[in-house]
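Kindly produce the complete structure, drawing on both the sequences and the hints.
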Amino acid sequence: MRRSLALALLLMLFSGPELAAQLIDDTLVPSGRLRLQMFPAHTRWESRFGITESGITLREDLGSDLTSSTPETLFPGANALVSAIEELSPQGWEGATYTPILGETIGRITQDVTRVNLGGHIGVFDWLTIGGTLPLVRTRTNVDPGFRPDTLGGNLGLNPTSTDASGVSLFLVEVKNAEVAARQNASQACSASPSNASCTSAQALLARATSFFDSAEKAYSASPFFPIQGSGAATILTQATTELDADLLAAGLAGISIPMVFASQ
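In terms of the working numbering, the sequence shown has 264 at position 51, counting the first letter as 1, and numbering is strictly consecutive.
No lab work stands behind these hints, which were simulated from the structure alone.
Glycine included, every Cβ here is placed at the ideal spot set by N, Cα and C.
Incorrect hints may appear among the rest.
Said to hold, decoys possible - Heads up, simulated EDC-like pairs for lysine to aspartate or glutamate below, C-alpha to C-alpha not over 20 Å straight-line:
#: 1; residue 1: Lys389; residue 2: Asp460
#: 2; residue 1: Lys389; residue 2: Asp377
#: 3; residue 1: Lys431; residue 2: Glu299
#: 4; residue 1: Lys389; residue 2: Glu456
#: 5; residue 1: Lys431; residue 2: Glu300
#: 6; residue 1: Lys431; residue 2: Asp377
#: 7; residue 1: Lys389; residue 2: Asp458
#: 8; residue 1: Lys389; residue 2: Glu300
#: 9; residue 1: Lys431; residue 2: Glu392
#: 10; residue 1: Lys389; residue 2: Asp427
#: 11; residue 1: Lys431; residue 2: Glu285
#: 12; residue 1: Lys389; residue 2: Glu430
#: 13; residue 1: Lys431; residue 2: Glu387
Stated by the list, open to error - Label-pair distances were calculated between CB atoms; the ranges are:
#: 14; residue 1: Ala254; residue 2: Trp340; range: 28 to 34 Å
#: 15; residue 1: Thr312; residue 2: Leu347; range: 55 to 61 Å
#: 16; residue 1: Ala254; residue 2: Thr376; range: 44 to 50 Å
#: 17; residue 1: Leu383; residue 2: Glu300; range: 19 to 25 Å
#: 18; residue 1: Thr256; residue 2: Gly333; range: 20 to 26 Å
#: 19; residue 1: Gly465; residue 2: Leu383; range: 22 to 28 Å
This is how it looks when you write it as structure tokens:
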């Protein structure tokens, strides 16, 4: 009895019903008749399988690439901005590094595919059916980004080249004119005696003016963001501008009368 029961269970295991949900209807159509079919299907997902740097496979949200506690790094030029800000005032940071703070981004992405198979079959003979299937497919990607600004410690805002382009241009022109004046001053001071103290001082001032202009130009063009007015970085850069202006005036040159422009929002 037990052997018969075990055999019956084994036969049931290997003779289960076929999975008709994944099969195409291939039933023959009687001769002279037409069969029209429509099979709709909708698939939606919001996650994927990814591989970490250590080679571990895990499931992650589609919007994980847009979710970050350092959203400024999602845009090109983040490292160039940090480098330029630090170069504008090497003494102001006193060995520390500039850390931009913007807030947090949260990205939610969903994708879906809607597929409708339209089919038509006609029975030529009872044993022969001909027809075809036309798939109609629509894919859709929905991106829902979110941003939570750091209202307490944030020190970045929109680059003023997009909100006050004329102000940025006037400031850079002013710094460039100061560099040109410093270059002419160094040329005059060193033409007679390249080894005297006035030549050395003039060359040092020229190097500072050139470095300041190059770094300022790079900072304004590096990223969509810039230090915001009132932040610690803005204070340090304002002080660096003031010090360079004072040294230019002390050398009898035109200073930098136009203030550096920072982000306002």
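Against the structure, the hints:
| no. | hint | result |
| --- | --- | --- |
| 1 | Lys389 / Asp460 | 15 Å, holds |
| 2 | Lys389 / Asp377 | 19 Å, holds |
| 3 | Lys431 / Glu299 | 12 Å, holds |
| 4 | Lys389 / Glu456 | 16 Å, holds |
| 5 | Lys431 / Glu300 | 10 Å, holds |
| 6 | Lys431 / Asp377 | 17 Å, holds |
| 7 | Lys389 / Asp458 | 12 Å, holds |
| 8 | Lys389 / Glu300 | 17 Å, holds |
| 9 | Lys431 / Glu392 | 16 Å, holds |
| 10 | Lys389 / Asp427 | 9 Å, holds |
| 11 | Lys431 / Glu285 | 16 Å, holds |
| 12 | Lys389 / Glu430 | 10 Å, holds |
| 13 | Lys431 / Glu387 | 16 Å, holds |
| 14 | Ala254 / Trp340: 28 to 34 Å | 30 Å, holds |
| 15 | Thr312 / Leu347: 55 to 61 Å | 58 Å, holds |
| 16 | Ala254 / Thr376: 44 to 50 Å | 48 Å, holds |
| 17 | Leu383 / Glu300: 19 to 25 Å | 22 Å, holds |
| 18 | Thr256 / Gly333: 20 to 26 Å | 24 Å, holds |
| 19 | Gly465 / Leu383: 22 to 28 Å | 23 Å, holds |
Consistency note: the structure conflicts with none of the earlier hints.
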